[in-house]
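A.B. asks: Chains as they are written, first to last, in the numbering used here: chain A, 1 to 221; chain B, 1001 to 1054; chain C, 2001 to 2231; chain D, 3001 to 3228.
Treat the hints as calculated values from the structure; they're not laboratory data. Incorrect hints may have been included.
Unchecked claim - Restraint ranges, calculated between C-beta atoms of paired labels, are given here: (1) N159/A / E3160/D: 27 to 33 Å; (2) T160/A / H3085/D: 28 to 34 Å; (3) T2057/C / S209/A: 53 to 59 Å; (4) H3085/D / M1/A: 27 to 33 Å; (5) F2028/C / R1050/B: 44 to 50 Å; (6) T160/A / Y2034/C: 43 to 49 Å.
Heads up, the beta-carbon is just placed ideally off N, CA and C, and yes, glycines get one too.
Residues per chain, in single letters:
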Amino acid sequence: MNPFLAALRKDLLLQWRTRSQLVAVFVFGASALLLFSFAIGPNAAALRQFAGGFLWLALLLASTLALADSFESEMAQRALEGLLLLPADPRALYYGKAVANLLQLTLLGAGLVPVMVVLYDASTARLPGLLGIVVLGAAGLSAPGTLYAAMTAQVRARNTLLPLLLFPLVVPALLGAVKATSLLILGDPMGQLAAWTWLLVAFDVIYWSLCGLVFERVIED
Amino acid sequence: MNEMTEMTEMTGVIKGGWEYVIAAYLASAVILLGYAGSVVWRYRRERSRRDAPR
Amino acid sequence: MGKSVWPFGLTGLGLALLAWGTTWGLGFAPREAYMGDVQRIMYVHVPTAWNAMLVLTFAFLCALVSLLRGGWVWDARLEAAIEAGVVLSGLVCIQGSIWARPTWGVWWDWDPRLTTTAVLLFGFGGILALRQFVDDPVKRAVWSAVAVVIAYVDVPLVYFSVRWWNSLHQVQSSPETVSRAFHWPLRINAFGVLFLVAGLLELRARLAFMRRETELAPPPPSETAVAAATR
Amino acid sequence: MTALAVETIGLSRRYGRRWALSDVSFALPQGSIVMLAGRNGSGKSTLLRVLATALRPDYGSVRVAGHDARSERELVRQKTALLGHNSFHYEALSARENLAVAASFLGRPYDPSLLARVGLEARADDPVTSFSAGMRKRLALARVLLQDAAVVLLDEPYGELDPPGFALLDRVISELRSRARSVIMATHLVDRGRALCDRALLLEEGRLAWSGPAAQMPTEAPDGSAVA
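So here's chain A without its partners, still in its complex pose (with noise of 0.2 Å):
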């Protein structure tokens, strides 16, 4: 079997195993969408006109909690260690992983759009465009962010430093995705949906390659 593959199954395997993880953070995300709507106000449109950049920031924020919990397995009886004395390749674990994050961000980023729409009204006609949008932004967490849980699951102040490495690194897609969510559910007069989604591509591109890289170095003792 090949590697990544065999990788990839035993993480969707323990993400299956896990899936009540999954709902908490889920819900996490949800109640982080109401609390923002608190912040501006029973005001329909403001809401709407945030509605994007909610979005984003309650994934973002979901996203270090489903991260972390990621690598909190593989790290509890050396079980990632295990895997790399078999032997297994690093590369095809840190891909093996960071699909499996990706796949779960996705999920998030579907569930919480309809979380969206109702609290602040913000639908849009281009539903498959959206969900493209989502996936390159749950691309762009997940290929650092598998990266850094790595790094900081074995590390004591775990749970403040993963969200203090990964927010100022993923800015540019942060700043793609919002906008490209914004301008989904507000209109697109000038056509700047391409140039954002351009941006997301690139900032995968680099990142899902970079990390791929640079895993076996993270984990190595």
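Model the placement of chains B, C and D on the given structure of chain A, informed by the hints.
C.D. replies: What follows is chains B, C and D alone, placed relative to chain A:
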């Protein structure tokens, strides 16, 4: 200093503004000299701790 | 790492140049046509910005060498460069904010360069925090080098995304619309900050190297015998 | 010179200011069954983890199963199996799933009889979180057997096992011996070690204090305290 400084519209000459220049240079001096001092002090302390017989 | 005192000399020279450039810029340089005296902040803001980017680029190089070739010297220089990079980036943001107040009436004007510096400040500040929390020196060296490489590669992406994101808000105001007559104080201060920081980088790197020596036990007595025996 | 299972020259590994292993040199021919003895903190686990390439050596050279532990880690890992203090298993997955995951990386078909051999067939589909320490050790043993390695590294394998577990482990070791595999077992059960093993290594504070035939390993230090 909380009232808005007198400022003409975008293209006009900004009158006054010296207090901002002073503030900028003061901040720069404090941070640059402060950092320089802290590096030199920490370096000296480590050197003395290292040269002193352990 | 050397013991010689050239870093102190360099730092001193840097401070002297800064004093000279500042007095020139504040005292003798002509008042700028539109922005009046506020424009004099440029003589310290622009040199700091240039050098902040230079130091972070140096940190990137140290990270690459530390990852590819290893050696505690490069990890020490990396630590120094990250710290200096954070200090300078922080200073650039403060200066930019003070400059924006009289010019735009707000404390932060989302200028793409300034906003990128702010993102770098938090990014590299996070890496400094990472170095505090990792106890094993080897892991600390490798992880912070990896984090620096990843954060540095992000700079162009951050800059472009912020510029596009900000392009609707206001016309692109470039603080560097500096005509020839203003160049000298700017250039003098630029070298002033450069020498000052270069000297401090060396001292801070030596400090980090010494700490590493006390942190790691010396090689075992038979190190020499081992070297001969390893094929 | 007969093929060597393990050869270390001047092996040293530090943890911060302390030398967990300092200047350890020994050579073990293939097929030898070795007891690794020493008090707590003498470096037994560190040595086994360096041999398994879980830890990189700081100084000195290490060759396992004919490969260098630094430059040929992948090859060494194919030829070694480690039974460590940690079970190497995913707590959320079941015993069967854990072995199936390991088998998928090894590129070998999952052998259902393995769980029967270590006496876990009744609990095959329960998640490892519900396992006792002894059951986790048995599952880890099944995983070592699954790897079918040339050099088997056992770090205090008897710990947490019940008497039937002891018997199971004895059978496994003698079977490895009959198949000319090399075994290095770190243990405090010196008598059992002497009976099963033909050679012994004694570690004291990271240094190799003694090595030779297992039967002749000294049990008392000059000051009368137990050596291992």
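A.B. asks: Run every hint past the structure and note whether it holds.
C.D. replies: Here is how each hint holds up against the structure:
Between N159/A and E3160/D, the C-beta spacing of about 32 Å keeps the proposed range 27 to 33 Å intact. Taking 28 to 34 Å as the suggested C-beta distance range, the pair T160/A and H3085/D conforms, at roughly 29 Å. Between T2057/C and S209/A the beta carbon distance is about 22 Å. The supplied range of 53 to 59 Å is therefore violated. Evaluation of the 27 to 33 Å hint for H3085/D and M1/A yields a pass: the beta carbon distance comes to about 29 Å.
The hinted window of 44 to 50 Å between F2028/C and R1050/B holds, with their beta carbons roughly 46 Å apart. At about 45 Å, the CB distance of T160/A to Y2034/C agrees with the hint of 43 to 49 Å.
In summary, the structure is inconsistent with hint 3 from the numbered list given earlier, while agreeing with all the others.
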